[in-house]
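A.B. asks: With these hints in hand, go ahead and build the complete structure from the sequences.
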Amino acid sequence: MELHQRIVSAPVDFGAVRTEFGLASAYPAEALSEARDAVDAFAGDRVDRTDIPLVTIDPPGALDLDQALHLERTPTGFRLHYAIADVAAVVAPDGALARESLVRGQTFYLPDGTVPLHPRVLSEDRSSLLPDLDRPAALWTIELDANAEPTSWSVTRALVRSRARLDYTGVQADADAGRLHPAIAALPEFGRLRIEAGLARGAISLRLPSQSVIRVDNTDDHWQLVVEPRTAADDWNEQVSLLTGMCAARIMLDGGGSHRLGLLRTMPPAPASAAESMRRTAAAVGIDWPADESVGRMLARLDPNTPAALVLMSEATGLLRGASYTVLDGEDPDTLQHSAIGAAYAHVTAPLRRLSDRYATEICLAHCAGVEVPPWVREGLDAAAESMRRSDAVAGKLERACIDLTESTVLHSRVGTAFEAVVLREANGTRPAEIFVADPPVLSKCTGGPPEGKRVRVRLVEADPAARTVMFDYPAP
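The numbering used here applies: residue 1 is where the sequence shown begins, and numbers increase by one.
Everything labelled a hint here was simulated from the structure, so no lab data went into it. Fair warning: there could be bad hints in the mix.
What follows is a set of in silico ranges between Cβ atoms, one per label pair, in the way DEER data are often shown [stated by the list, open to error]:
{"#": "1", "residue 1": "R414", "residue 2": "R321", "range": "27 to 37 angstroms"}
{"#": "2", "residue 1": "T151", "residue 2": "D464", "range": "28 to 38 angstroms"}
{"#": "3", "residue 1": "A92", "residue 2": "D125", "range": "13 to 23 angstroms"}
{"#": "4", "residue 1": "D217", "residue 2": "D292", "range": "46 to 56 angstroms"}
Below, a list of computed lysine to aspartate or glutamate pairs in the EDC-like style, where the Cα atoms sit at most 20 angstroms apart [stated by the list, open to error]:
{"#": "5", "residue 1": "K454", "residue 2": "D439"}
{"#": "6", "residue 1": "K445", "residue 2": "E420"}
{"#": "7", "residue 1": "K445", "residue 2": "D464"}
{"#": "8", "residue 1": "K397", "residue 2": "D112"}
{"#": "9", "residue 1": "K445", "residue 2": "E399"}
{"#": "10", "residue 1": "K445", "residue 2": "E426"}
{"#": "11", "residue 1": "K397", "residue 2": "D382"}
{"#": "12", "residue 1": "K397", "residue 2": "E420"}
{"#": "13", "residue 1": "K397", "residue 2": "D464"}
{"#": "14", "residue 1": "K454", "residue 2": "E426"}
{"#": "15", "residue 1": "K454", "residue 2": "D303"}
{"#": "16", "residue 1": "K397", "residue 2": "D13"}
Each residue gets a CB set at the ideal place from its N, CA and C atoms; glycine is no exception.
C.D. replies: The following block contains the structure:
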């Protein structure tokens, strides 16, 4: 099913969504004052690594640049330098800024702007890894063998300077043309090797259509639904963060002697019934799935534009449930692994946008330096984990609310119109079927019992912006 669509737009006001979720962009005056006056608490203890020609890769227009990388081939494999904005260096643990960030948990993204975790003077300016500026960072150095498997890793406080600000589309175009920036010339090979390593571990990656709401050019209030194309460059760059997070988890699990301390991102293994259900679905939609092939490898070889692949990837979401933040403090909890990654994993690469990364990075820095973890980290882990769990739940609902509002607004004038759709899941008891309409891109419910995995024509019967609801119907043949 082609995911290209003509522009269908409508005026949408996201103010009501902000109010519903209690999102206040304004920072308390005391916290804002702290951010403006913040100084690098470790300025005299940093190693100067401004010699490393790092680059950033982010969406166009982004200013909260957490990460900068330099990847090179070595005689034995690869060397990765990954600089992460050192937010803990400018946030006083007992100050108003720390208290407010604990309340927020993470940056919230709406189509018409962000509600940032930190004041923009930090997140988009003084702590952001903007090009040609010296910045404090937590600098990871990871040595890898010829198969891009890590052989050693460490992190230290450093002063760094990014040389260029790149975006995913531009990196992909440069890769296709054979003109990648020297700092990331090895990224395609590295990325492919790391993706293969993930599949060997049992990692699962879904390529379901990713809906986004974007502003129509040259308008203030008109918005359109799009499916964001995912490039190979997105996947390669993702592997850099995943690798770093896995190394961070190893530091937490291996350090601290008999008393482990850490903050992991975990996901329990899927129940056997979920995998059995997927196999039944695969057989029903005609996908050959050998008994010895993992879920991740099966999904990776499918063409995501086909109805059968969309059905199976939708079904696979049932395998990826229960993600949470798990505190290590002495005894090991029941779940240490992240089942979708196939390894232990920690968030450490986005401290400008995620509270947990500040705490996890401090633990790794302390272990690598051979010093005690700061008391504020040890004492604050439980509260940080709870803040992340709470804010994650809000972020998921917020994204869905913005998409639902845009879908219902864009489709409001088209009630009664017929659309082409793929049936992702058939109806189950009182639950309607789930369908994907490509033009405009809409994931929605559908009554009438359409057959799973089939292309069908459905009719729009409801599009209510006030209730943020959309419903289609499959007319009886």
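A.B. asks: Decide, hint by hint, whether the structure agrees.
C.D. replies: Going through the hints against the structure:
1. Restraint check, R414 to R321: a C-beta distance of roughly 34 angstroms satisfies the suggested window 27 to 37 angstroms.
2. A beta carbon spacing of about 57 angstroms between T151 and D464 contradicts the range 28 to 38 angstroms that was offered as a hint.
3. Against the hinted window of 13 to 23 angstroms, the Cβ-Cβ separation of A92 and D125 comes to about 18 angstroms, which satisfies the hint.
4. A hinted range of 46 to 56 angstroms for the beta carbons of D217 and D292 is consistent with their spacing of about 50 angstroms.
5. Restraint check for K454 and D439: the C-alpha separation of about 17 angstroms stays at or below 20 angstroms, so the hint holds.
6. For the proposed pair K445 and E420, the alpha carbon gap of about 14 angstroms is at most 20 angstroms, so the pair holds.
7. Only pairs whose Cα atoms come within 20 angstroms are accepted, and K445 paired with D464 is accepted, the gap being roughly 14 angstroms.
8. This hinted pair checks out: K397 and D112 have alpha carbons roughly 16 angstroms apart, not beyond 20 angstroms.
9. For the suggested pair K445 and E399, the alpha carbons sit about 18 angstroms apart, so the restraint of at most 20 angstroms is met.
10. Note on K445 and E426: the hinted pairing holds, with a Cα-Cα distance of about 10 angstroms set against a maximum of 20 angstroms.
11. A threshold of 20 angstroms between alpha carbons decides the hint, and for K397 with D382 the separation of about 23 angstroms lies outside it, so the pair is violated.
12. The suggested pairing of K397 with E420 is violated, with an alpha-carbon distance near 27 angstroms, which exceeds 20 angstroms.
13. Restraint check for K397 and D464: satisfied, since their Cα atoms lie roughly 18 angstroms apart, inside the 20 angstroms limit.
14. Proposed proximity of K454 and E426 is supported: the alpha carbons are some 10 angstroms apart, at most 20 angstroms.
15. In summary, the hint linking K454 to D303 is supported, as the alpha carbons are separated by about 15 angstroms, within the 20 angstroms threshold.
16. For the proposed pair K397 and D13, the alpha carbon gap of about 17 angstroms is at most 20 angstroms, so the pair holds.
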